[in-house]
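Now that you have both chains on their own, put them together as the hints suggest.
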Amino acid sequence: GNSVTQMEGPVTLSEEAFLTINCTYTATGYPSLFWYVQYPGEGLQLLLKATKADDKGSNKGFEATYRKETTSFHLEKGSVQVSDSAVYFCALSGRGGFQKLVFGTGTRLLVSP
Amino acid sequence: GAGVSQSPSNKVTEKGKDVELRCDPISGHTALYWYRQSLGQGLEFLIYFQGNSAPDKSGLPSDRFSAERTGGSVSTLTIQRTQQEDSAVYLCASSLAAVSMNTEAFFGQGTRLTVV
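Those protein sequence lines, which keep their order, are chains A and B.
Residues in the first sequence are numbered consecutively from 1, following the working numbering.
Residues in the second sequence are numbered consecutively from 1, following the working numbering.
The following block holds chain B by itself, in its conformation from the complex (with noise of 0.2 Å):
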């Protein structure tokens, strides 16, 4: 597509139950993100994926977070039994490769989370 797609853009769900939030990265690039931005706070890196290769985790705040990519394409990032201090904006970015001096991130635009 012409951009980084993200779905849904807005989640409302119960304290306690799963969601799984998309993201449909530039066709071609095979490196992906998934950022957390909440209120007040700057935007935390959670993880990253990069061709074939291991996934960097390293951000990733619980064992609840996980991310899968499927086909180097699209990725999945799943939170299970939701809290309210999950509730955040998730941002999915992708790049050509490995972010650098000469290589942009594209973001999506969101998904905003709402736990209740």
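Chain A on its own, in the form it takes in the complex (with noise of 0.2 Å):
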């Protein structure tokens, strides 16, 4: 079946670090990817998505490649701040009819002033 690997965490970073949050899926066909991330206090959100091959999808900052040669997607920020610190999820979903969200382990980022 359908399955995300991501890196364990805590991943613990300076403000203004490069971030990468590797993540790689084992899925059937053609899935989409997303990317969703859970501050403290809150449900998770989404954060950004890719439905193809080669696409990127970005917000806030953060960006992550649909790699299909290597099954990836993996989570990337050129600077982090202290406000996102959270834990981060990758998940896939299949196509056609329902196909449910299949998540990750989730990794915690912590970054420090």
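Calculated from the structure, these hints are not laboratory results.
Keep in mind the model is a prediction, meaning the values are calculated, not measured.
Check each hint, because a few of them may be wrong.
Claimed, not checked - Residues on chain A that point at chain B, a partial pick, calculated with CB under 7 Å:
#1 L46
#2 K100
#3 G104
#4 T105
To be verified - So these bits of chain A aren't anywhere near chain B, every CB distance computed over 10 Å:
#5 T12
#6 A17
#7 F18
#8 T28
#9 G29
#10 G41
#11 K56
#12 T65
#13 T70
#14 T71
#15 K77
#16 S79
#17 L101
#18 L109
Think of the CB as a built atom: it goes at the ideal place given N, C-alpha and C, for glycine as much as any other residue.
If you want it as structure tokens, here you go:
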């Protein structure tokens, strides 16, 4: 079945550092890929998405590129801020009919001033 | 309402007791999902409702778990004879239609269930 593997955390960075959170997936066909973020005390919210190979999703300075050849969707940000401290979840959904979101285990990011 | 609302936000229960968790989806959203978030694990799919169709219960971990959705709106997740391994954060999400490349799922803040 479909699955998502993402790097374990926590990831600890200083403000303005470069961020990469790795995500790889296993799926049949061509899934849609997502990054969700969970800020402290809040519910999960969609950060960005990509629906086909080579698409780049971007939002709030974060980017991720759908790489079919490496089955990856790594999350990057050039300069993190303290306010980016949160848990980040990589997820996928297949195509056709109801396809539930399949999530990775989440990666906690801690950014210090 | 403005977003997906879940209640209670926290629930502590004794082992063996039954609990009910409530989810109010965004008005007009036909799809509703329940997920479970356990420490150190990802979000585990539990059940999915879409309109008047039969729910997809394939993720329910045992027959102690059940869910219903009344009038296509509010949903209740019931856990009977709770066990300590049921301790987790239970998340509800809703979307306009089934999740796809064009449809976003909106999550509630979850109910943290602790079984002692």
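Here is what the structure says about each hint:
Because the closest C-beta pair between L46(A) and chain B is about 5 Å apart, less than 7 Å, the hint holds. Here the hint on K100(A) is kept, as its CB sits about 5 Å from the closest CB of chain B, short of 7 Å. For the restraint placing G104(A) at the interface with chain B, the shortest Cβ-Cβ distance is roughly 5 Å, inside the 7 Å limit, so the hint holds. Annotation: T105(A) was flagged as interfacial toward chain B, and the flag holds, the nearest CB pair being 4 Å apart, inside 7 Å.
Distance check for T12(A) against chain B: the nearest CB is about 18 Å away, which clears 10 Å, and the non-interface claim stands. The Cβ of A17(A) lies farther than 10 Å from every Cβ of chain B, with a closest approach of about 25 Å, so its non-interface assignment holds. For F18(A), the non-interface assignment is confirmed: its Cβ lies about 25 Å from the closest Cβ of chain B, beyond the 10 Å cut-off. No Cβ of chain B approaches the Cβ of T28(A) within 10 Å, the least distance being about 16 Å, so the stated non-interface status holds.
With a closest Cβ-Cβ approach of about 12 Å to chain B, G29(A) is found to remain outside the 10 Å limit, as its non-interface label requires. The Cβ of G41(A) does not lie farther than 10 Å from every Cβ of chain B; its closest approach is about 8 Å, which violates its non-interface assignment. Listed as outside the interface, K56(A) is consistent with that label: its C-beta sits roughly 15 Å from the nearest C-beta of chain B, beyond the 10 Å cut-off. Here T65(A) stays apart from chain B, with its beta-carbon at least about 16 Å from theirs, past the 10 Å limit.
No Cβ of chain B approaches the Cβ of T70(A) within 10 Å, the least distance being about 20 Å, so the stated non-interface status holds. Taking the minimum C-beta to C-beta distance to chain B, about 17 Å, the non-interface status of T71(A) holds against the 10 Å cut. Its beta-carbon lying about 21 Å from the closest one in chain B, K77(A) satisfies the requirement of being farther than 10 Å from that chain. Distance check on S79(A): its Cβ is at least 27 Å (rounded) from any Cβ of chain B, clearing the 10 Å threshold; non-interface status holds.
Some Cβ of chain B comes within 10 Å of the Cβ of L101(A); the nearest lies about 6 Å off, and the non-interface call is violated. Separation of L109(A) from chain B is adequate, the least Cβ-Cβ distance of about 16 Å exceeding the 10 Å criterion.
Checked against the numbered hints listed earlier, the structure breaks hints 10 and 17; every other hint is satisfied.
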